[in-house]
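Q: Below are the chains, spelled out letter by letter.
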Amino acid sequence: MRRTVATVCIAFGVFCLVLAPLLRYWVAETFMKTPWTTTRRR
Amino acid sequence: MNRSEDATYFNVEEMEVIEGATVEAHTTLRADVRASTDEIVVWDEFRWVKDVDRDFGILSTTRHTAHDRVTGEAVDCCGSSVNEESTPQSGQAFKWPFLVEQRDYEFFDSTVREALPIAFEGVEEVDGHPGVEAYKFVQVVEPTVVETREIPRSLLGLDGEGDVTADIVYSNTRTYWIDPITGSPLDLSEEQRRVAVVDGEERLVMFEATMDFTDETVAERVESAVDSGEKIVLIRSTLPVVLLAVGGGVVLLGLLLYLARTRPPAHART
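Going down the list, the protein sequences come from chains A and B. For the first sequence, position 40 matches number 212 in the numbering used here, and the numbering has no gaps at all. For the second sequence, position 18 matches number 544 in the numbering used here, and the numbering has no gaps at all.
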């Protein structure tokens, strides 16, 4: 049981560690683009 | 929308200079979806200035501009034009890049049709929005001849009959307050001036006004920028830091659990 929990913890932790830079350098870059489907008046 | 409560302009219908007019500038932006790509966005801009009380159109400008979706810089492609005339464009087109730097940029002026320096002048709170900070940029467009026009001599106070060719000289001091995260303009003030000049002498004011974003326009822009900015900060900073901390902690916990499991019982070591 303890070994299963340890394995799950390590897997989840590695997932978080991989996701962090992906969010910062990939998702954020995708997000930081001017939309081109809008029409607006100002 | 920009507005001035004390504008001076030459009304060609009434053939007289109107002073103290309330003038509004409206801008419509429409995306040219077919010409836009993942890298660039192409916008059609239509801007018109009118005297509100007389319902009189003073100026209008059309502009077709491609700009980089990340940096906000104009890209010379896709039939860039100003007033239907092919016009290569460069510099910042409508906005600044995301994560604006505290440095001078170049900003395209569609009247002189040229990118000119716009200087970073510090960080300021947006007027009427306590706690909302913006980067202030100022561009000075020195007097520049932008067209020539035939004008009756009598209108310019010149002797003789008939028309005279006058230079239309344009100048502008443009101040932008830019959201540091999204690069969107939050507030704008333009001190515009167009005068008719003959033989180096100013003869007639064609347009003179300080055009400011209205309070409603500023409020809309602040709300939109704050909303987008919070999402960017969340995705770019907050969540990665939390994930690194949680990930590191959980991996450590897993390793401890694993080591505790594999360590031999105390009685086995004696």
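These aren't lab readings, by the way, just hints derived from the structure by calculation. These numbers were taken from a predicted model, which means no experiment stands behind them. Yeah, the Cβ is synthetic: ideal placement off N, Cα and C, and Gly gets one too. Possibly wrong hints are sitting among the right ones.
Ranges between beta-carbon positions, derived for each pair [what the hints assert, rightly or not]:
{"hint": "1", "chain 1": "A", "residue 1": "Phe203", "chain 2": "B", "residue 2": "Glu651", "range": "43 to 53 Å"}
{"hint": "2", "chain 1": "B", "residue 1": "Gly648", "chain 2": "A", "residue 2": "Phe184", "range": "37 to 47 Å"}
{"hint": "3", "chain 1": "B", "residue 1": "Thr588", "chain 2": "A", "residue 2": "Leu189", "range": "14 to 24 Å"}
{"hint": "4", "chain 1": "A", "residue 1": "Val199", "chain 2": "B", "residue 2": "Glu611", "range": "32 to 42 Å"}
{"hint": "5", "chain 1": "B", "residue 1": "Ala786", "chain 2": "A", "residue 2": "Phe187", "range": "21 to 31 Å"}
{"hint": "6", "chain 1": "B", "residue 1": "Val666", "chain 2": "A", "residue 2": "Phe184", "range": "53 to 63 Å"}
{"hint": "7", "chain 1": "B", "residue 1": "Asp753", "chain 2": "A", "residue 2": "Phe184", "range": "43 to 53 Å"}
{"hint": "8", "chain 1": "B", "residue 1": "Asp753", "chain 2": "A", "residue 2": "Val177", "range": "13 to 23 Å"}
{"hint": "9", "chain 1": "B", "residue 1": "Asp558", "chain 2": "A", "residue 2": "Val199", "range": "23 to 33 Å"}
{"hint": "10", "chain 1": "A", "residue 1": "Thr202", "chain 2": "B", "residue 2": "Val543", "range": "12 to 22 Å"}
Q: It remains to establish, for every hint, whether it holds in the given structure.
A: Going down the list of hints, with the structure as the test:
For the pair A:Phe203 and B:Glu651, the supplied restraint of 43 to 53 Å is violated, since their beta-carbon distance comes to about 26 Å. Taking the beta carbon of each, B:Gly648 and A:Phe184 are about 46 Å apart, inside 37 to 47 Å as hinted. Taking 14 to 24 Å as the suggested C-beta distance range, the pair B:Thr588 and A:Leu189 does not conform, at roughly 51 Å. At roughly 41 Å, the beta-carbon separation of A:Val199 and B:Glu611 lies within the given 32 to 42 Å, and the hint holds.
Between B:Ala786 and A:Phe187 the C-beta distance comes to about 22 Å, which sits within the given range of 21 to 31 Å. At roughly 57 Å, the beta carbons of B:Val666 and A:Phe184 sit within the given window of 53 to 63 Å. For B:Asp753 paired with A:Phe184, a C-beta distance near 31 Å fails the hint of 43 to 53 Å. Against the hinted window of 13 to 23 Å, the Cβ-Cβ separation of B:Asp753 and A:Val177 comes to about 40 Å, which falls outside the hint.
Checked against the hint of 23 to 33 Å, the C-beta distance between B:Asp558 and A:Val199 comes to roughly 27 Å, which is consistent with it. With their beta carbons about 53 Å apart, A:Thr202 and B:Val543 fall outside the hinted range of 12 to 22 Å.
When the structure is compared with the earlier hints, violations turn up for hints 1, 3, 7, 8, 10 and for no others.
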